[in-house]
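Sequences listed follow chains A and B, in order. Taken in order, the first sequence gives residues 1 to 236; the numbers are from my numbering. Taken in order, the second sequence gives residues 1001 to 1881; the numbers are from my numbering.
These are computed hints drawn from the structure, not numbers from a lab. No residue lacks a Cβ here, since even glycine has one placed at the ideal position from N, Cα and C. Treat the hints with caution; some may be incorrect.
[To be verified] Below are the PhoX-like pairs computed for lysine-lysine, each with C-alpha atoms no more than 20 Å apart in a straight line:
#1 B:K1778 x B:K1791
#2 B:K1503 x B:K1705
#3 B:K1791 x A:K140
#4 A:K140 x B:K1421
#5 B:K1741 x B:K1705
#6 B:K1709 x B:K1606
[What the hints assert, rightly or not] Okay, the calculated beta carbon distance ranges per label pair:
#7 B:A1305 x A:H204: 23 to 33 Å
#8 A:R120 x B:A1305: 35 to 45 Å
#9 A:H204 x B:A1020: 51 to 61 Å
#10 B:R1013 x A:G45: 52 to 62 Å
#11 A:E119 x B:P1390: 33 to 43 Å
#12 A:P137 x B:T1425: 27 to 37 Å
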Amino acid sequence: MKPPFLVAENLRKAYGGNALSQEVLRGISFSAQAGEFVAIRGPSGCGKSTLLHILGAMDRPTAGKVWLNGTRLDSLGLQELALVRRRQVGFVFQAFNLLPTLNVAENVSLPLLLDGVPERECQQRAEAALEDVGLLPRSKHYPSQLSGGEMQRAAIARALAIEPILVIADEPTGSLDSVNGRRVLELLAELNRSRKITVCMATHSDEAAAFASRVLHITDGQLDKESGPSVVSSAL
Amino acid sequence: MSFLRLFNRFVLRALLREKARSVVAILGVALGVAVMVSIRLANISVTDTFRAAVDSVGGNTSLQISGTSGPFDEQLFAELGDLKSFGHLSPVIEAYAMVDELQPSSTQSQSFPRGELLHVLGVDVLLDYPLRDYEVLQVGTLQQQSARQVLQLLKDPRSIILTEKFLRRHGLRVGDKIPLTFDSRREDFTIRGVLLNRGPAQTLEGNFALMDIAAAQLAANRLGLIDRVDVLLRPEFTAEEALAAMGPRLPSGLMAQLPDAGAARADTMIAAFQFNLSALSAVALIVGLFLIYNTIGMSVASRRAEIGMLQAIGAGRTTILALFLAEALLLALIGLAIGLPLGRMLGNAAVVATAQTVETFYIAAVAEASSSSLRLTLRDIAAAAAIVIPLALLAAIVPAWEAASVQPVEVVRGSGDRFSKRSLTLVTFAGIACLVLGWLLTFGKPIGGVPILGFTAEVAIMIGGALLTPLILSLVCAGVRAWFPRLFPSARAEIQLAASNLKGELPRASVSVAALGVSLSMMIAIAVMVGSFRETVVYWLDSALSSDLSIKPVVQTSAVSEARLSEKTFEVVSQQPEVTDTIWFGSRQIPYQDRNIRLSTTELEKTLQRSRLIFKSPPTAKSGQGLERNDVLVSESFSLLFDAPAGTSIRLATPTGEATFRVAGVYYDYASNQGTILMDVETCRQFYGANDPSLTAQHLAVYLKPEAKIEEVRRRILNQLGAEERIYCVTSREVRAEALKIFESTFAITYALQFIAIIVAGLGVGSTLLTLVYQRQKEIGLLSLIGASSKQVQRVIVLEAVMLGAVSQLIGIGVGLLLALVLIYVINVQSFGWTIQFHFPGSFIAQSSLLVLLASGLFGLYPAIRAASVDALRTVREEHV
């Protein structure tokens, strides 16, 4: 039997030291198969972003283990984690996080550039990613010249450009109006479906969660319950 | 009150939060203030000590009668008898004597031994006592001596009275013998009394000696001559009345003047030198003020959201403007408070450096003011504040205005912080206009002998260069992005990011680049000017020093010294079988218009045959048969100072009245910038008489047979002259080396001032990068999240620093070369009357470029380390958990 693509085993994460230490994740375990679209829900401060950071090789747990496509992330050094992020994980944030001094195409090709991908290939892959998100005509524009929805689509294109096996999306619609938010979610769902990219998305929104194949509910740093999409969809 | 509370919350707390940036700005202003204050103190000190020396030696003198052309025949004093109705008259000899090195210095040059100079006053004590404040003690009696008793003390021609301060410093006592060298003759003098520390004894920190006038005439080789007659007017006469009344009654060849007329002429001569130093010291201050602009600019840039918020809740534009101007004022005041005492400390070093140059070129002996005598007066403090505070506010007005213009909507959108193409075009055109203005100003004449328009041109060029910075930085960033990744493919990402970041931060980065660029341009300009000057002097020395040996008295320590060679020296030299020829050269100071110039005499025909002069305008004889009787040659500085090109006529005072001379040619002279008139021996004898001091040689050029062993001839000359004749007998190579040593020491202070300016500018680059890192934490964090390693992040920041340095150096070279051209062809010519041949210092520019790139990289290291330690998660996550 094929091992799960993404595995979290008794993950714990504490911030601060000694007496002031605050445990944000308190023993979360779950697994996901390749190509799943997992939504993580819960109230503010419940630990969903922290869980995403650990799953996306941005952070290491205080205790517990995590595997991504067979690689154990919790034991990797900072440089190795950087390499995982650069080559395997795409990120989409609520605040878009585009570099204001680079144009859209340059922002999209930035992870490739950091990885030493040749210039021509950088361009081709950036253009392809922008084509996928419908933003190719705006490739020479700077972030300040885009709307919020366009900026988030550019961020998704940047995540896609590296051809990731996992996309981490942290409240990707949090800064968008409902129309643009829906378009972004449809885009993520489409990529998940067509390319079999695993997506882990933190969200507050019922509508966003409805796009996921699985929904994990977290309360006080612990996995509270798990539900399927139909439950949420039917509630909409 | 509410403004103060707002200032406290909005400005003070931010300054405390951004400690590094605040400290850098304050340090920059403090260093600038310190340099400016130290140079001001040094300039005032040199002028004041010289003035004090003139005043203390002058005593109660109300008027001075001197020869229109220098020392005059003592017989003329007898003709002044009927002037006694005006007051007391006292004839005076003034000379300098060298004291043998009492505590030999280990660093002293073998060829050019140098001892202390004593200012010697020779007077008829009985006539002079009412004029000066003497307090003479004869140890043993410890009683104050009367004029008659002092006369008794000095009756022996080898007697001398020295000051208490001098004796104590050298452990000497009354009765001891002290070897002194007047001109080139060394003789022992007996110390007969002690002058207490008042009146003339205060001169030159106690380096003063009193002699009987006859003894002084003998010692200083001025038998039959007196330098001047000091007059103490009766109370019923004012100096102006007496001057008017005496004038017509003076014998021909004499003139009466106020006692400070000579000092005023010396002041005029050193004014240009001091103005140049002050202008240089202002560079560090200007760079310091750039830091204020930088700090306020950064403060505004990094706090646009806060400014927008303040405006949104009702703060008016005036309040915002006032807040940022108050921030600049606070930084300037703290900088002043630190810079003033620091300047007082640096003042001592500046005094030593400036006094040495003034001694070399303008005044034979300047006392270096003791550190305790350098005082920071209220006037100095007020002067510094009056310059620094308005300039600081001026520096802050642009960013403060920018802050006041922030629109709350703009902040929300985050779009108002980019350099628009229109602004870039506007700034570029303003820069070009400044450069054109600078070029036009170079055609201006000096004002009051000072090249004020020349310096204004320099400032316009510097501002022009600074305004072109955004365009140059933008072009360089685009060029680096396009070309460098191909050259360094392994660092492609870092290069592209660094170039994009800088281009995106054009307004802020341009300020730092402009500050560093302007400082570097000054350094390069000075280096090009000094380098060109050095090359010119070397060429001049190599051409002028055609003799095998050069002989001059040891007391001839300065371009304005009056020491002369003895007959014995001539005899000994001419007896040497290897000597084929000699050319002698004599000179003395004479008043001409509002300055002192030098009247020099030589065997002109031989001098021209030996090509010892390099001509700017070669001599043209009217008859075509050599120079006419009243033809003279003038130095380039004379020609420029008094607008006397070849072919014009000049009128000089002679003992028999004014005479007209034709300027037959103009020659280069880098030994002195006083202005020199060079005439043939016979011309001088005819117009000034056979006893004129300039007819006694000060310098002797000796030519030897080709097979002669120079060292052997030199040793023989020195042996035959014995220990009593103290001369420099040196080879051309030694003269050249000594001249270049003096040259280097003269420009040492220049390098020091520039070094400080560079440090201040370097601090600016560090501060800018720190701020950029602080502002871009989120972006840096993002880089890390999408996979950039900490090394890559560090490389991006260091590359940005190197690019800032490289563009600064590029601007520095361009602007620096323009500034150098103005320095060489306008300021130097107008200040000193010296033409310098432009010499491009390729290796210096290559070395300094490398150094600037390395230094910029180093200044970028700390910000790079800070950047690499940015907590990526903290900067990007919207929720903290």
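Take the C-beta atom of R1013 of chain B and the C-beta atom of G45 of chain A, compute their distance, and say whether it sits inside 52 to 62 Å.
Because 29 Å falls outside the window, the suggested range is violated.
So if I understand the rule, the pair passes when the alpha-carbon distance is 20 Å or less; does K1741 of chain B with K1705 of chain B pass?
Not OK: K1741 of chain B and K1705 of chain B at ~29 Å, beyond 20 Å, violated.
Falls inside 51 to 61 Å, the C-beta gap from H204 of chain A to A1020 of chain B?
39 Å, violated
Quick check: does the Cβ-Cβ distance between E119 of chain A and P1390 of chain B fall within 33 to 43 Å?
Given about 52 Å between the Cβ atoms, the range is violated.
For A1305 of chain B and H204 of chain A, compare the CB-CB distance with the range 23 to 33 Å and indicate the outcome.
25 Å, holds
Given the hint that K140 of chain A pairs with K1421 of chain B, test it: the Cα-Cα distance must not exceed 20 Å.
17 Å, holds
Is K1503 of chain B within 20 Å of K1705 of chain B, Cα to Cα?
Roughly 70 Å between the alpha carbons, so the hint for K1503 of chain B and K1705 of chain B is violated.
Take the C-beta atom of R120 of chain A and the C-beta atom of A1305 of chain B, compute their distance, and say whether it sits inside 35 to 45 Å.
For A1305 of chain B against R120 of chain A, whose Cβ atoms are near 40 Å apart, the range 35 to 45 Å holds.
Can you confirm whether the C-alpha distance between K1778 of chain B and K1791 of chain B stays at or below 20 Å?
The given pair, whose Cα atoms are some 17 Å apart, holds under the 20 Å limit.
Agreement of K1791 of chain B and K140 of chain A with the hint, judged by alpha carbon distance not exceeding 20 Å
Roughly 29 Å separates the two Cα atoms, so the pair is violated.
Is the straight-line distance between the alpha-carbon of K1709 of chain B and that of K1606 of chain B 20 Å or less?
Violated, at about 23 Å.
Note whether the CB distance of P137 of chain A and T1425 of chain B lies within 27 to 37 Å or breaks it.
At 28 Å between Cβs, range holds.
Hint violations for this structure: numbers 2, 3, 5, 6, 9, 10, 11, all remaining hints satisfied.
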